[in-house]
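Chemist: Here is what each chain is made of, one letter per residue.
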Amino acid sequence: MTSLDDNSKEKLRSVSVDLNNDASLVIDIPDALCERDMVKFTVHTKTTLSSFQKPDFSVPRQHEDFIWLHDTLVETEEYAGLIIPPAPPKPDFESPREKMHKLGEGEASMTKEEYAKMKQELEAEYLAVFKKTVQVHEVFLQRLSSHPVLSKDRNFQIFLEYDQDLSVRRKNAKEMFGGFFKNMVKSADEVLISGIKEVDDFFEQEKTFLLDYFSKIKDSTAKAEKMTRSHKNIADDYIHISATLNAICAEDSVGVEIRGLLEGRVASDQELKLTELLRYYMRDIQAAKDLLYRRARALANYENSNKALDKARLKSRDIPQAEEHQQQCLQKFDRLSESAKKELTSFKGRRVMAFKKNLVEMAELEIKHAKVSLTAHPIKHTV
Amino acid sequence: PKQDSLMDDDPEDLFAGATEEVSLDSPERDVLLSDGPSPAITPITPPTSVIAPRIGHAHDDMFTHSSFDEIEEEEGGDSFDVHISVSDPEKVGDGMNAYMAYKVSTKTSLSVFKQRDFSVKRRFSDFLGLHSKLASKYLHIGYIVPPAPEKSIVGMTKVKVGKEDQSSNEFVEKRRSALERYLMRTVKHPILLKDPDVLQFLENSELPRAVNTQALSSAGILRMVNKAADAVNKMTIKMNESDAWFEEKQQHFENLDVQLRKLHASVESLVCHRKELSVNTAQFAKSAAMLGNSEDHTALSRALSQLAEVEEKIDQLHQDQANADFYLFSELLGDYVRLITAGGSGDLELYFYFIFFRIRGVFDHRIKTWQKWQDSQVLLLKKREAEAKLQFTNKPDKLQQAKDEIKELEGKVQQGERDFEQISKIIRKEVGRFEKERVKDFKTIIVKYLESLVQTQQQLIKYWEAFLPEAKAIS
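For the protein sequence lines, the chains are A and B, in the order given. Reading the first sequence from the start, the letters are residues 1 to 383 in the UniProt record's numbering. Reading the second sequence from the start, the letters are residues 1 to 475 in the UniProt record's numbering.
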């Protein structure tokens with residue numbers, strides 16, 4: 001069981017820009033427990049809003065609760081014109097757990113020092129995964145709380161406040177099926193979105209940009225992850241090499257001291273910053289794309305309703321219903337477009353700021369780490 | 001007629017059957033102690049005493065009758081001042097008969113050499129020929145002869161066939177580097193430095209071509225090791241105090257062997273992962289550049305392009321580091337443990353045995369020397385008993401014969417004792433020298449490697465410090 005204390009929480013840095021601007025609703029995850037496969041997050045809310053029963057309270061939540069909340073928001077018709085913050089990914093401890101297992105098996109072939117170091121590295125990796133997942137769940141909630149419309153969502157309030165288990169409301173088999181269907185529709189939307197004739201320059205540009213950017217950032221995320229993995233492998237190699245060299249030279253009557261080679265850093269902050277930044281915005285851009293899809297669908301509906309109206313006029317039948325329907329579609333589309341424009345503009349600003357923040361922090365960490373490794377390992381040798 | 005010495009042609013000789021021609025001929029047995037060596041190799045006869053192997057070359061006067069102690073005194077005179085470099089690999093000839101010729105340059109102020117600054121052209125088989133001679137002359141006396149770089153049929157074929165690609169260039173460079181290390185280790189050995197074959201190798205413009213280059217084959221080594229193990233197991237050794245030293249050393253080398261094996265595996269892994277990192281970094285750099293192009297915010301776009309450039313530079317650092325990884329560690333491990341170059345999978349185990357054997361082999365020979373001495377003592381005892389019995393019979397001829405035999409045996413026993421003490425002394429010295437040198441080497445190489453890592457970190461700092469203002473300029 002691992003828990004996150006206040007101390008390490010201080011060091012957590014959000015990938016997104018500071019979201020807790022509005023003091024009327026402040027959310028954080030001060031604590032989390034990891035039990036085998038399950039992570040229990042403590043969601044803590046401080047609010048001045050009268051819509052809540054208490055001004056300061058906490059509830060335990062699981063990852064699945066977050067997914068439920070996300071999905072209900074996506075499925076809410078009213079929010080069709082908004083970018084719904086991407087759902088946090090499932091906590092994945094597979095990699096460090098597997099490595100821990102392998103380490104246990106190989107323990108006999110290592111020196112005590114080696115084993116201790118490897119264990120230390122793995123524990124740090126484990127902790128890093130843990131920190132990452134807490135952060136990403138926290139950001140999801142903070143995105144919601146800082147959004148003028150979404151922060152008022154009823155289900156959001158339930159999520160924050162309801163002090164019983166939420167599992168009854170979570171996905172059951174029927175909803176799962178619904179989710180599957182939803183994905184099928186989405187891929188049909190891809191075709192739709194590229195095929196639609198766009199009258200608005202703004203959206204035309206956004207569409208081109210987002211589609212292109214998405215594929216690029218997805219690629220960059222994958223490549224950044226591969227880089228991180230290679231660094232980790234090298235760090236492990238150094239642990240073994242330095243331990244073996246120490247064993248060889250310790251045997252000698254001539255005293256040679258080798259203070260561990262530039263030791264590996266694992267789940268290094270700087271690498272996390274880069275990959276996490278890219279990964280987060282990859283998902284965020286997907287959310288923006290989803291908005292465009294919804295708008296495209298609304299446009300398609302409107303165009304269909306026009307056709308239907310023409311047909312009705314031709315047949316001189318059901319004209320008022322067709323007109324009514326067409327008006328509704330038009331209104332819906334207009335509302336959606338207006339809202340989408342606002343959302344996409346602020347999204348861009350947010351994205352640029354987040355990139356700046358994280359790139360600066362990453363560079364600073366790289367410098368800091370390199371300097372530390374230079375001073376921490378002087379070569380001492382006696383003859 | 002061969003002189004009856006302790007170094008007799010012995011069916012149990014550890015070196016018999018060890019050597020095999022790479023060209024798949026039947027293994028040459030007893031090559032080291034036979035009367036008829038192949039014409040290309042200097043005639044080798046068993047040494048008449050432990051100390052002075054017979055050589056038939058120009059520098060006879062320097063060595064033939066010197067005792068080991070005298071040589072040591074001469075050593076004190078000159079400080080070690082020989083530097084050898086192997087360079088300018090040049091392909092000679094065409095097709096499958098082609099070979100690489102290397103320039104071997106020597107710079108020295110030692111009087112044992114005829115000149116101060118000179119060079120010759122040598123091919124790989126010349127190196128193997130030299131090693132073969134040195135091994136046959138010195139190994140069984142107790143000296144630790146540096147192992148020769150191994151053949152690589154695959155690697156060399158590529159070069160012969162004229163494949164001018166990166167892997168064949170790498171192969172030639174690795175070989176060149178290995179040959180240089182081999183020669184430096186050889187001349188660092190105070191006895192080998194003065195060996196006529198070594199001097200001839202370095203100085204003579206023409207060398208007779210060593211046709212039957214005995215490369216110690218894997219199968220041969222395995223046979224040798226198993227034989228040695230069996231032979232030692234069969235003997236019952238009475239351990240006295242001085243033998244405790246040898247036992248301890250044997251254990252020490254066995255431990256070292258295990259550690260070196262581990263180290264080798266880790267270093268191989270490091271080199272491999274470093275190469276992966278380089279590839280991944282380069283790919284990320286390209287991806288970041290594309291992302292930068294895609295980005296419509298100007299300042300961010302520029303920053304992303306800068307990031308891509310930084311990562312490209314870092315990739316170059318990784319590649320340089322990978323080279324440093326390989327060369328420095330191969331020097332560290334190279335002569336103690338073989339890094340397999342092109343081809344030759346599965347031989348690593350056997351090469352480890354080989355190196356181990358080099359050290360252990362001399363230990364085993366010492367044991368055999370002791371055993372032979374003991375055996376002759378036992379025989380002497382028996383002969384004396386027989387003589388005593390003969391005293392009571394009236395057979396003056398037989399009695400005289402017995403007396404003669406006893407006299408001969410007594411001589412043998414004394415020689416045996418001397419040989420045993422001598423080999424023990426030499427081994428102790430050699431092991432001490434070997435260890436000292438090894439530790440010195442390790443230290444030097446590790447310090448050098450750490451310096452390369454330090455340099456990398458310093459460069460990294462520079463790159464990121466240049467990038468930082470670009471990132472801060474995003475607004």
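Source of the hints: derived by calculation from the structure; they are not laboratory data. Incorrect hints may appear among the rest.
As the list claims (entries may be wrong) - Now the stretches of chain A that chain B is said to cover, found in silico as 3 or more residues with beta-carbon under 8 Å:
#1 38–48
#2 86–98
#3 209–220
#4 280–288
Said to hold, decoys possible - Derived pair list, reagent style DSS-like, types lysine-lysine, alpha-carbon separation capped at 30 Å:
#5 A:K197 to A:K54
#6 A:K226 to B:K286
#7 A:K218 to B:K440
Virtual Cβ for every residue (Gly too), placed ideally from N, Cα, C.
Chemist: Each hint: holds or not?
Modeler: Structure-based check of all given hints:
1. Only residues whose beta carbon comes within less than 8 Å of a beta carbon in chain B count, and the segment 38–48 of chain A has 0; fewer than three means the coverage is violated.
2. Note: the segment 86–98 of chain A has 0 residues with beta-carbon separation from chain B under 8 Å; the three-residue rule is not met and the coverage is violated.
3. Coverage of the segment 209–220 of chain A by chain B holds in this model, with 7 residues showing a Cβ closer than 8 Å to a Cβ of that chain against a need of three.
4. Look at the segment 280–288 of chain A against chain B: 0 of its residues bring a Cβ nearer than 8 Å to a Cβ of that chain, fewer than three, so the hint is violated.
5. Only pairs whose Cα atoms come within 30 Å are accepted, and A:K197 paired with A:K54 is rejected, the gap being roughly 50 Å.
6. Between A:K226 and B:K286 the CA atoms are separated by roughly 14 Å; this keeps the pair inside 30 Å, and the hint holds.
7. Taken as a hint, the A:K218 and B:K440 pair is broken in the structure, with Cα atoms around 51 Å apart against an allowance of 30 Å.
Checked against the numbered hints listed earlier, the structure breaks hints 1, 2, 4, 5, 7; every other hint is satisfied.
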